[in-house]
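Student: Listed below are the residues making up each chain.
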Amino acid sequence: MSSASSGSRATDVRVRVRVNRLVLYTALVVVTGLFLGPFGWLVLTGLKTQGELAASPVHWLPAHVQWHNFADAFTQIDFLGYARNSLIISLIYATLVTLSSAWVGFGFARLTAPGKKTLFGILLGSMMLPQMVTLLPTYLIFAKLGMVDTYWPWVLWGLSSAPYLVFLFRQFFAGLPRELEEAAIVDGCGYTGIFWRIFLPQSWPVLAASFIIAFTWTWGDYIAPQLLLSTDRTTLAVAVMTTYVTDAGTPVPQLQAAASVMYVVPILLIFLVAQRGFVAGMSTSGLK
Amino acid sequence: MTADQIASVTDRPRPLASTGRSRAGGRPRTSVTGRRHRAFYLFTSPWIIGFLLLTVVPMAYALWLSFTTFDGISPHWRYVGLGNYRELFSDSVTWQALGRAGLFAATSVPLSIIAGLALALLVNRPVKGRGVFRTLLYLPAVVPPVGAGIAFKQLFDQNSGAANGILTSLGFDAIGWLADPYARYVLLMTLLWAAGNIMIISLAGLQDVPRELHEAARIDGASAWRTFRSITVPLLSPVLLFQTVTGMIASVQTIMPLLLAPLGDTSGITTVPQSNYLYMMHVFAQYFALGRYGYASALLWVLFVLILVTTGLVFKFTSGVVFYNVDPEAKK
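The listed protein sequences derive, respectively, from chains F and P. Sequential numbering of the first sequence, starting at 1, is according to my numbering. Sequential numbering of the second sequence, starting at 1, is according to my numbering.
Rather than coming from a laboratory, the hints here were simulated on the basis of the structure. Careful, some of the hints might be misleading.
Claimed, not checked - On the chain F side, residues computed to face chain P include the following (Cβ under 7 Å):
1. Leu28
2. Thr45
3. Leu47
4. Ala54
5. Ala71
6. Gly81
7. Ala113
8. Pro130
9. Tyr222
10. Ala237
11. Ala257
As the list claims (entries may be wrong) - Derived CB-CB ranges, DEER-like:
12. F:Ile198 with P:Arg130: 33 to 41 Å
13. F:Leu272 with P:Val309: 39 to 47 Å
14. P:Ser90 with F:Leu272: 49 to 57 Å
15. F:Arg276 with P:His76: 38 to 46 Å
16. F:Lys117 with P:Leu52: 34 to 42 Å
17. P:Phe228 with F:Thr246: 40 to 48 Å
18. F:Ile198 with P:Leu52: 24 to 32 Å
What the hints assert, rightly or not - Non-contacting residues of chain P with respect to chain F, defined by C-beta distances greater than 10 Å in every case (computed):
19. Met59
20. Ser74
21. Leu82
22. Glu87
23. Ile114
24. Ile150
25. Ala151
26. Asp180
27. Pro181
28. Asp220
29. Phe304
30. Thr318
31. Val321
Being a predicted model, the structure only gives us computed values, none of them experimental. Yeah, the Cβ is synthetic: ideal placement off N, Cα and C, and Gly gets one too.
Turn these sequences into a full structure, and let the hints guide you.
Tutor: Right, here's the structure in full:
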């Protein structure tokens, strides 16, 4: 690949570089196509008629594009209502968990006390704890406390921080220079003040990454809302999966496809808008 | 990656007051230290309290339930000691579901790590528009599981799916992808679709591999494969270990078979094809369909212990292979 080869073979090398580049771009385009394929197919499915979906052999493109499927998916169920529920719990959880994880991450990155090592070990270990193992008994406890069918569980989960995000913040804060807090301490600023006024404003890439990760978790979560929320307070994820059926109970795939496109789009938009900061946050915090 | 190892790699900032200089007019040093100790607990308390109330208490509660016949409704539940565990160990359905989950993790985790690493190497090359390629390859990873389930269900639909469309246009017979024996491959592909997640983290790891090492290898005449094997992989090994452990845990907990099943509904657990009836499906079946909370709790505790043991074994067997690039400055 090097261009510093001897002059007599310069053309040879140039051809090889060009072939290499062609192979590389072809591989990139093919792989990207494969990865986008399922999503593209979902959009196409959402634009067909029920008849076309049942026909064999497959109809690649809809004979008449059925835009109304998207409108129907919107009106057949209370799409906006479910979307609002999803939005509320995702915002509650993502906001709270980002702040609480930054707060806890600051403690692990910049402060010491006896037992810190043990606590950090438990924190990392708890990342490996299977979530499902705690979720089912948690549901039973929440049921006893009367918190089923409310959004309180997401508030509590948010307030208690998430190990993965704590680790993300801890890595980032640990890498910031010590002078940042030294000056503030000389000025008589407490650790709370240092956190809010100095460290937090420095960490917007990680805040963005954490918020997106947490928002995506909740927006995409299926089991927790299914367990904890009743049919009309539940989230879009559950609704899209379970409610597009005819009166006879058979699923309506084209509506389900249209609805799931609309369900995925907000996440994709958030990601596209924030991906620069997101990737920066993931790499500057050294999560590896 | 144990706590110590992570801490030794990353613990650069030293505690502030270690200079011993007391602030604000000769107050004794201990009060500054004490203040920092109190601050540490103030900052970490949300996690400590949350961990105790939302993890330790539910786990303990589940442990207690696993010794009972509690079903959530009937008041006539009783303590049966190790009865649930005895039943569990003699139940062939449980063993088969566990075996399938183990086999599935053993194939899906290495494959997705290899795929993620290959993607990372691909988009780490200096090509035009690689930011666009990175974004597009990562996109499926942000698609929520429900979206992924529906997308793959449509793709592999017997009549209207693109997969069978390609097969039939080539003159082959259509395949019932979503039923046995093919359902497991669809499940695997659905999870591999999210390899962008691993790509992003591997990419961050690749940025950290010192360029001089690659240049030195090239001057020494090492082939691309040799460089990859002897430099890139060892330096990336902590990342790969992290991926293996978290991937393993996520894999045995996946609910994807449920979302790929004909009618994605937790009560329709029985519609999951046999080859995708993994351990978690078995737990759900006991919990939702049969209401056997005690038995399901025992199943979950067995899973927890198995994950703990497997993770420990993975760490033990990789301790000689995983290479930590410890910053010399961190060691004073």
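Student: For every hint, state whether the structure bears it out.
Tutor: These are the hints, each one checked on the structure:
1. Leu28: 5 Å, holds
2. Thr45: 5 Å, holds
3. Leu47: 12 Å, violated
4. Ala54: 6 Å, holds
5. Ala71: Because about 19 Å separates Ala71 of chain F from the closest Cβ in chain P, which is outside the 7 Å limit, the hint is violated.
6. Gly81: Since the shortest Cβ distance to chain P is 17 Å, the answer is violated.
7. Ala113: 4 Å, holds
8. Pro130: Check passed: Cβ of Pro130 of chain F comes within 5 Å of chain P, closer than 7 Å.
9. Tyr222: Holds. Min distance 5 Å.
10. Ala237: 5 Å, holds
11. Ala257: 6 Å, holds
12. F:Ile198 with P:Arg130: 33 to 41 Å: 35 Å, holds
13. F:Leu272 with P:Val309: 39 to 47 Å: Since Leu272 of chain F and Val309 of chain P have Cβ atoms about 42 Å apart, the given range 39 to 47 Å holds.
14. P:Ser90 with F:Leu272: 49 to 57 Å: The hint (49 to 57 Å, Cβ to Cβ) holds, given that Ser90 of chain P and Leu272 of chain F are roughly 53 Å apart.
15. F:Arg276 with P:His76: 38 to 46 Å: 60 Å, violated
16. F:Lys117 with P:Leu52: 34 to 42 Å: For Lys117 of chain F and Leu52 of chain P the Cβ distance comes to about 19 Å; the hint is violated.
17. P:Phe228 with F:Thr246: 40 to 48 Å: 54 Å, violated
18. F:Ile198 with P:Leu52: 24 to 32 Å: 30 Å, holds
19. Met59: 6 Å, violated
20. Ser74: Holds: least Cβ distance 14 Å, greater than 10 Å.
21. Leu82: Answer for Leu82 of chain P: holds, closest chain F Cβ roughly 19 Å.
22. Glu87: 18 Å, holds
23. Ile114: 13 Å, holds
24. Ile150: The claim breaks: Ile150 of chain P does not keep its Cβ more than 10 Å from every Cβ of chain F (closest is about 4 Å).
25. Ala151: 4 Å, violated
26. Asp180: 20 Å, holds
27. Pro181: It holds; Pro181 of chain P is separated from chain F by about 21 Å at its closest Cβ, greater than 10 Å.
28. Asp220: 14 Å, holds
29. Phe304: 5 Å, violated
30. Thr318: 15 Å, holds
31. Val321: 17 Å, holds
In this structure, the hints that do not hold are numbers 3, 5, 6, 15, 16, 17, 19, 24, 25, 29, in rising order.
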